[in-house]
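There are 2 protein chains.
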Amino acid sequence: MKKLKPLSAAALAAALALAVGFQAQAQKPRDEPIQPIEPAKVTDPAKVQLGKKLWFDPRLSRSGFISCNSCHNLSMGGSDNVAASVGDRWQKGGINSPTVLNAVLNIAQFWDGRAKDLADQAGGPIENPIEMNSTHAAAVATLQSIPGYVEEFKSIYKVDKIDIKQVTDALATFESTLVTPNSRFDKWLKGDNKAITDVELKGYELFKSTGCVACHNGPNAGGNMFMKMGVVQAYKTDHPAEGRSAVTGNEIDRFTFKVPTLRNVELTYPYFHDGAAKTLTEAVDIMGRLQLGRTYTKEENAQIVAFLKTLTGDQPQITLPILPVSSDKTPRPDPFAPIVAPMKK
Amino acid sequence: MKKLKPLSAAALAAALALAVGFQAQAQKPRDEPIQPIEPAKVTDPAKVQLGKKLWFDPRLSRSGFISCNSCHNLSMGGSDNVAASVGDRWQKGGINSPTVLNAVLNIAQFWDGRAKDLADQAGGPIENPIEMNSTHAAAVATLQSIPGYVEEFKSIYKVDKIDIKQVTDALATFESTLVTPNSRFDKWLKGDNKAITDVELKGYELFKSTGCVACHNGPNAGGNMFMKMGVVQAYKTDHPAEGRSAVTGNEIDRFTFKVPTLRNVELTYPYFHDGAAKTLTEAVDIMGRLQLGRTYTKEENAQIVAFLKTLTGDQPQITLPILPVSSDKTPRPDPFAPIVAPMKK
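First to last, the protein sequences are chains G and L. Once you know that position 227 of the first sequence is 679 in the numbering used here, the rest is easy, because the numbers rise by one and skip nothing. Once you know that position 124 of the second sequence is 576 in the numbering used here, the rest is easy, because the numbers rise by one and skip nothing.
No lab work stands behind these hints, which were simulated from the structure alone. Heads up, some of the hints might be wrong.
All copies of an identical chain are treated as equivalent in the list; a pair is satisfied when it fits inside any one copy or across any two copies.
[What the hints assert, rightly or not] Heads up, simulated DSS-like pairs for lysine-lysine below, C-alpha to C-alpha not over 30 Å straight-line: (1) Lys568 to Lys610; (2) Lys688 to Lys781; (3) Lys480 to Lys613; (4) Lys568 to Lys781; (5) Lys639 to Lys544; (6) Lys544 to Lys610; (7) Lys639 to Lys761; (8) Lys646 to Lys613; (9) Lys613 to Lys781.
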């Protein structure tokens, strides 16, 4: 073996400085239009636990069969992986279920942004006649009949009587913990050069240079603006959703939707508000043509798809809650009960 | 303070022997017709994990919406807490969903015992036209299109091609871990005198002395024999289930069902094969009159119900699995697809 010459103190110091310099350079966070997802900060764990129970509790629905998790399944990217969700009595959902993951980062909730935040959103499906098809009054009466819930609401909200605001607050608090940090793309954003491959990086460069990033930016790679579906070329669909104009009443907002997050997009197929695009390849192709007036080559499309798959983060680890047991006074739901009020078509 | 006289060595030894004797007596397991549930022994954790994924995977159903957990919900005592389950296209289930908890201890599976074990059972709902309404071929083809599953089946079963036997084997392996040890009653059985109250003990004494235990015995407090529903007095119902005669072809078995477990019965309302009894009070009253020819007083009924609630054990702690992602080749389920074959009425 060759004997190494001992380094002088000065040479050693220089080498160390260089190494530290490289290290700092390698780990320097990148300044990009997409920012990393940060882990959830849980400040009220008891409320999160209560919200989790409500999230999985089908007794919030008329039938006793459908829970929040039915259509925003935390085993499947917080979505249901079907174009239109199944609602009460197998009614067809009005729009593709958006993922609950990272939804807390969105500018507003629902595709048309009609709810300003998660709590505002959470009350919607409970009363929607084609979703859970219950009423806030019925849902609260059920919870009030369950001693385990009464105790938890009392301990957290200091109340004897549960109301829907506490229910949606607890749900929203749980949902706000459903974020997905540590995707490979986020590691790259934080300075780990090896976290994504050359092909994935090329895909990201294309994503930026061809304009996708104009709408899909921020920590959620989307979710922070409204945009017309079909900017350059009209989107052809027989789906009835009219988009943001239903909220604003402005004709100019017709077919304008909240830009969906691309976080975990590998898990949240099918795509678009009508769930018409079955694969990422198809979605990228349609977006390129309709929004950007550009037809991606097969190779470009594959590169962008490869990049999109780096946006899958750590999925929330959820221990299934054991739901508080109904009392003898709790209404016994009957999914097959005769229809009293007519359902919305 | 009074000064204590030091004990002689002999007195100390005698006192110790007495204390140890009391201790031994207090902890001596009881010899009773119901035996404690033992914790699950997991010998193949990878197979349990695969089975858990399949358990929660709605892609085993035609619609992509119904999983095993839909009707045997592990948040709700392994049952769905409705009289009749919701199946594909909201069809009404043929019989009340029995709990999956401790089902491994049953003599056979289904109310009529037509499946000899859990693996034999697991294939049933997938193909049942009023339940998941898929076929084994379709379910396996879906799994085979999902790289994450292909890899797991290969690693566990050493196969490239998945078949339904491996699917049901993995499901059964997971289900066999779903046992509920450490109920208060089991602690009492193991010698802890303070684990149940005097009222609960009175309830258990009544449960034995009036004959309930004749059918509800063994570790599962049931599940180990078939018995006619309506021994002393006929059970009046318009429910079409005919019971064990559908399996044996013997008229004598008409209206004979597997005796359900009473483990976690507090969580598995409503009761009986038709789910007609909404509360334990009602179930105990009907059972007393129809099976034993006895009308329990209100006090006796309450005592038995109190005892039954001591049978709730530790519920399985389940971390929700993250399901392997579909590939572009995976069939995209459509809950609302036109009906091709006629459904069973």
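Here's how the hints hold up against the structure:
| no. | hint | result |
| --- | --- | --- |
| 1 | Lys568 to Lys610 | within (26 Å within a copy, 51 Å between copies) |
| 2 | Lys688 to Lys781 | between (51 Å within a copy, 25 Å between copies) |
| 3 | Lys480 to Lys613 | neither (52 Å within a copy, 46 Å between copies) |
| 4 | Lys568 to Lys781 | neither (35 Å within a copy, 38 Å between copies) |
| 5 | Lys639 to Lys544 | neither (39 Å within a copy, 49 Å between copies) |
| 6 | Lys544 to Lys610 | neither (39 Å within a copy, 41 Å between copies) |
| 7 | Lys639 to Lys761 | within (13 Å within a copy, 51 Å between copies) |
| 8 | Lys646 to Lys613 | neither (54 Å within a copy, 35 Å between copies) |
| 9 | Lys613 to Lys781 | within (16 Å within a copy, 51 Å between copies) |
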